[in-house]
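Mind docking these for me? Both chains are given alone in their own frames, and the hints should help you get the complex.
Sequence order for the protein chains is R and G. Each residue of the first sequence is one higher than the one before, counting from 18 in this note's numbering. Each residue of the second sequence is one higher than the one before, counting from 40 in this note's numbering.
Misleading hints may appear alongside valid ones.
As the list claims (entries may be wrong) - Here are the in silico distance ranges between beta carbons for each label pair:
no.	chain 1	residue 1	chain 2	residue 2	range
1	R	Leu36	G	Ser124	18 to 24 Å
2	G	Ala85	R	Ala40	31 to 37 Å
3	G	Ala373	R	Gly37	20 to 26 Å
4	G	Arg80	R	Ala40	37 to 43 Å
Everything labelled a hint here was simulated from the structure, so no lab data went into it. Even for Gly, the Cβ is constructed at its ideal location relative to N, Cα and C.
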Amino acid sequence: MTRMPLKLSLATLSVAAILGSWAVLARQDQTAATDNPAASPAVMSSAVTRSWPTPMPIPTLVPPRNGEGAAISDVDAGLTLPPIPTVTMPQVAIRPQPLARTRSSR
Amino acid sequence: MFPASCDWLSVSGSDPDNAVHCQTFRAMNCAMAAWVATPDRVAAIAGLERVRELMAEVEARLSRFRPDSELAYVNAHAGQPVRVSPLFWEVLVEALTAAEMSEGLYDPTLLDALEMAGYTVSFEHLSVGTRSGRNPMVRPLWPRRSRQPWRQIELNPIARTVTLPPHTRLDLGGIAKGWAAERAAQHLAALGPCLVDAGGDLAARGTPPPAVAAPGQPGWPIGIADPFHPDRDRALLLLHRGGVATSGVDHRHWYHRGIRQHHLIDPRTGRPAVTDVLTATVIAPTATQADVLASIVVILGARAGLRRLLATSKVEGLLIRKDGRIETTPGLMAYGFRWL
Chain R
18 MTRMPLKLSL ATLSVAAILG SWAVLARQDQ TAATDNPAAS PAVMSSAVTR SWPTPMPIPT
78 LVPPRNGEGA AISDVDAGLT LPPIPTVTMP QVAIRPQPLA RTRSSR
Chain G
40 MFPASCDWLS VSGSDPDNAV HCQTFRAMNC AMAAWVATPD RVAAIAGLER VRELMAEVEA
100 RLSRFRPDSE LAYVNAHAGQ PVRVSPLFWE VLVEALTAAE MSEGLYDPTL LDALEMAGYT
160 VSFEHLSVGT RSGRNPMVRP LWPRRSRQPW RQIELNPIAR TVTLPPHTRL DLGGIAKGWA
220 AERAAQHLAA LGPCLVDAGG DLAARGTPPP AVAAPGQPGW PIGIADPFHP DRDRALLLLH
280 RGGVATSGVD HRHWYHRGIR QHHLIDPRTG RPAVTDVLTA TVIAPTATQA DVLASIVVIL
340 GARAGLRRLL ATSKVEGLLI RKDGRIETTP GLMAYGFRWL
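Same shape as in the complex, but just chain G (with noise of 0.2 Å):
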């Protein structure tokens, strides 16, 4: 068995040709891995490497936490256009195209939103609270929104500038993560196949040599977390392509005013979605997909969040609600499932 967690470097395997090369650091926030499988183990690292210099961009450029982040430069100039790196050009055309799919239940215009939630500073920051401080009378001023504002930002592809309408931010943080796997996924699959962890975001590329999977069941053994037992896994399932992520708000969750918020904005009320999904995981072709479409889930709910699985082709999901039921898509199945 591959050890989950690896400080640096190992290798798996007695068999120098099926050996997997494992990084594990963090980034934006969050626990990131990476596993390729070669037995070129100077090109592993060269990999492996690349991937960690990777997610230091995304975060460095995207985060709004980071007052030099390009995020907040280009959000500091909303009205006026602004060129943008080829990473962040990127990373915004695959967001308004997952805005446009999702007809705006993904919205990447929602940081004033998630601010007046209480939501500014990083997680690990943010005073959790309590309901002591709860007073009915004083709710927040939540703000007006235009009509899906990320319809009107101005794309310049030539001169690759972006312009936001005036007094829009762009907050990437629910497609970022998922992004970011895939891209890494996509450059570690020139070495082997491959598996990235973004914070819980997976994107997996060929199936994995006999140090990590069993004979017959192809794909990299993918946990999906127990809410109730963050500690624990509840499922297990099987990935040897595309990714799968997992949305919820049963961690990034705190008081404000006394009221309980969380991160999941619904962009049609313009506040913390009222759901009865705890979380949601979603298997999709990329990560990117599946990141935006968890969180859809939860915003959506149960029911209308399955039937929005289940009307989406090469969409698989597995949604655990606040009472502790658990609905799941029939094609979880092809994906090797199996309760833990």
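So that you can see chain R by itself, here it is in the shape it has in the complex (with noise of 0.2 Å):
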């Protein structure tokens, strides 16, 4: 009997959210504000103007001290830039294709 109370609680809930999941199918104004503010243009321009990192200064550019043919190690004495990895790009389809779909049971 003390848990009564909890019960009628948790049902109570579960009927008033299914309501409410319902609810916003009623007819309104198909006008109403977007779904989610924080992602209009004026929030999210201010987030990227505070996350934004200290620009970086322009490096110099060096001419090749031997002319053409010079290595890129020969720029800048003592530094060595690694390989460049060979980048494999993930095939994707500019146009998806269908990956379910939607139709009458069966």
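Below, the structure written as structure tokens:
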């Protein structure tokens, strides 16, 4: 008997939640505010400004000392750049094909 | 491209952080599938297995073709309070809410009418029949229906009991798959972006990884079946939240006493709806709502059905008429809609 109020509240909440989910289908003005105000342009630009790092200084280009064919490592003595890794681009369909299909039950 | 059909579990993409796991199986006499994007393969396997168990439980509890189902027990005890499981309770409350919101155009108490139309066994066992037995003098005796008997169903949330009015039987077939897809997606969403397909009723959560979606086109790519060529898609849309469902008279139809019947009963007449819509596809905030609304649109017919969709917020749809003409709501473009 002591647990009855808890059962009541849980059951009431479950009914209220379902009613609430259907309430959005009530005939409303379709020009309602956007669902996610945080995604508005003003908020996003503000967030970007705050998180943007201090600009890096533009490096000065040093011409090859010995004309054409100078190795990259010669530009700055002592600095050797790692080899550029081979990157395999993932096969991404520009126009996605259907993954699933909606249809009448079968 | 991720395979559209995977027997058990598959992993897509060379990047394990963007892996998509999939499981397909059959339940409720339909093809089911679920996809979830997560780097945690073990959690994905467990989550997808839970989805399969959920679908099996929904079928075991809600099937009207299983004499040992909870639904059969409740129907056999109309007039008495019956304590039901949490799953049964939730689906029934959702069904009654849908009935209320649709002003009775969705009705979970149409089992007598459905059986009177000849839908007495699971569809794969139903003899499709022919027109040859037609005899205009022998017509089904359609049951007399009290006015919206679903309004007289008594629910006791404290004891979690259901009392059906005498001689009233439930059929939750019009909502069970949508509800199951929605519930499964809620479960999988804890692991990552996911898509659940319950026999053509789909629920999605989150943006899929590049393995299944193109850059700049977020959403799970969903085909809308062409009812005139069932193995082809007529259009494509991108779904990243909510649900989409299709209802129609293109597949589940048969002849009963020589008269063509189908499974979408018009609650206003108690008979298979007379409609010019072959299939209706609806996008809604939940798969449950999409499932119910798609059936309502078919029952209403093209003009009234389209008006209904346009008057309902957060809902889009596409209707394919029996004569091949197609009507869409303008907001469909927001879902990356395009013809195929």
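Here's how the hints hold up against the structure:
1. Separated by about 21 Å at the C-beta atoms, Leu36 (chain R) and Ser124 (chain G) satisfy the suggested range of 18 to 24 Å.
2. The given range of 31 to 37 Å is respected by Ala85 (chain G) and Ala40 (chain R), whose C-beta atoms sit roughly 34 Å from each other.
3. At roughly 24 Å, the beta carbons of Ala373 (chain G) and Gly37 (chain R) sit within the given window of 20 to 26 Å.
4. A hinted range of 37 to 43 Å for the beta carbons of Arg80 (chain G) and Ala40 (chain R) is consistent with their spacing of about 39 Å.
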